[in-house]
Each structure stands twice: as C-alpha cells, then as structure tokens.
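Kindly generate the complete structure, drawing on both the sequences and the hints.
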Amino acid sequence: MPSPPRLPAAPIALLTASLFGAVTTEVLPVGLLPQLAAAFGVPQSRIGWWVSAYALVVAATAIPLTAWLARFPRRSALVGLLLVYALSNAAILLAPGYGWAVLARLLGGLAHAGIFSVVVSATVALVPPERRGRALAVVNAGITLALTAGVPLGTALGTALGWRWAFGTTSALLAALALAGLAVLPRDPGAGTGDPRRRCGPRCAAGGCSPSRPRPRSSPSGTTPPTPTSPRSW
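Going by UniProt numbering, the sequence shown opens with residue 1, and the numbers climb by one from there.
Quick caveat, the hints were computed from the structure, so don't treat them as lab data.
The reader is advised that the hints may include incorrect statements.
Claimed, not checked - Label-pair restraints from in silico Cβ distances:
1. L94 <-> P129: 38 to 48 Å
2. A39 <-> R6: 40 to 50 Å
3. E130 <-> L94: 14 to 24 Å
4. L147 <-> A176: 13 to 23 Å
5. A141 <-> G97: 34 to 44 Å
6. A53 <-> G133: 33 to 43 Å
Cβ coordinates follow ideal geometry from the N, Cα and C atoms, glycine included.
Below you can see the structure in the form of structure tokens.
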C-alpha cells in the first residue's frame with residue numbers, strides 16, 4: 001500500500017508562522033503594559049484596551065472581510081494581510097501619541113479578521129483530502145507556539161531592550177513572511193476562495209456549465225474527448 005503524500009513543507013511552515021505572528025501581535029501588549037503605559041503617558045488599563053479594541057474589530061469585520069477576500073487568490077490575500085500586520089506594528093513604533101497607537105492597533109485587528117480564514121482555506125487547498133486534518137493540525141500549532149513562546153519572548157525582549165524592540169521585531173518577522181509567501185506559495189492569479197461560478201463567466205451563473213469542469217467540446221471526428229482533470233484551485 002503506497003504511503004500518503006508528504007505535506008508541502010515550505011508552504012505549511014509559512015502558514016504556521018503566519019498564525020504565530022498574528023497571535024503574537026494580538027497578545028503582545030499584555031506583557032508590556034508598564035512599558036507602554038509609561039511611554040504613552042496613560043494608565044495601564046488604557047493600554048489593556050489595545051487588546052479589547054483589537055478583538056472588537058476582529059468580531060465586527062471577520063465575516064464581511066472574509067467574504068470580500070474570497071474574490072482574490074489566496075496567495076495575494078495572505079501576502080497583503082501580512083503586510084498590513086507589519087505596517088500596523090511599525091506604525092505603533094512611530095505613533096506620536098496614544099490615539100495614533102490605538103488606530104495602528106485597529107489596523108492590525110483588521111488584518112487579524114481575515115488571516116485565519118485565508119490560512120485555513122490555503123491549507124486545505126495545498127493538500128489532498130486525506131492529509132487535510134494533519135495539515136490543519138500542524139498549521140494551528142502556530143497559535144500554541146505564539147502563546148507559549150512568541151508572547152513570552154516578545155515580553156522578555158521588550159523588558160530587556162525596550163518595547164519598541166518587541167514591536168519592531170514582530171513587524172520585521174511579518175514583513176519577511178510576506179516576502180517568503182511570494183516565493184513559496186503557489187501562484188494562480190485566477191483562483192480565489194469564493195464561489196467558483198464567479199470565475200466561470202455568466203454561463204455558469206445561469207447553470208450553463210459546471211463551475212469546476214468546462215463542458216467538453218466535440219472533436220472534428222465527432223467524438224467527445226475525455227475531460228482532463230483540473231488542478232486544485234488555489
């Protein structure tokens with residue numbers, strides 16, 4: 001009996017690291033409350049609102065943003081979200097005051113609202129059905145790694161060298177992941193995550209053809225050739 005195919009190591013590692021960076025970004029302020037409060041001249045409770053406001057943005061925009069991102073190829077969507085994350089953390093470094101820093105955090109929450117759906121969809125598209133459970137388990141380990149290693153390391157770095165080092169390092173990591181995504185993720189400009197009928201034209205919308213398989217045409221001899229198997233949409 002042949003062994004099941006191996007998981008694509010580089011794309012799976014990148015998706016895992018993407019969730020690692022996202023969750024580390026979300027929770028990092030909790031470990032740096034005293035430093036951030038002193039830097040922005042506000043009580044620690046107001047820095048705690050960075051996490052609360054972030055979560056509110058995620059809750060309010062996750063569904064509509066996921067629907068909107070379905071129009072784009074997964075590769076483009078993920079790279080864009082990672083760049084927004086990197087920009088959010090970099091903007092906190094340059095924020096002239098508390099209000100600007102909150103706006104930067106809200107931008108990060110917007111990226112967070114879309115990244116989980118894109119990562120899960122990308123993971124499922126990368127592997128055959130019999131390997132999807134294992135692939136998702138590996139990718140979701142990025143969340144555990146963020147909580148057990150990413151946030152503690154970020155807190156230690158911020159405590160030792162200053163909070164800007166923690167956010168700057170996270171921003172650099174996310175930007176590097178975006179660049180890596182361009183290199184290791186499959187490229188299929190025509191494949192999004194939404195309804196495939198939108199990529200098949202008006203005839204599909206009217207039920208004229210199957211969205212996953214074009215209608216076979218007859219050959220000059222009058223016979224109908226077999227329909228080739230389409231590659232997995234990415």
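Results of checking the hints against the structure:
1. L94 <-> P129: 38 to 48 Å: holds (46 Å)
2. A39 <-> R6: 40 to 50 Å: Check passed, 47 Å falls within 40 to 50 Å.
3. E130 <-> L94: 14 to 24 Å: violated (48 Å)
4. L147 <-> A176: 13 to 23 Å: holds (21 Å)
5. A141 <-> G97: 34 to 44 Å: Given about 38 Å between the Cβ atoms, the range holds.
6. A53 <-> G133: 33 to 43 Å: holds (35 Å)
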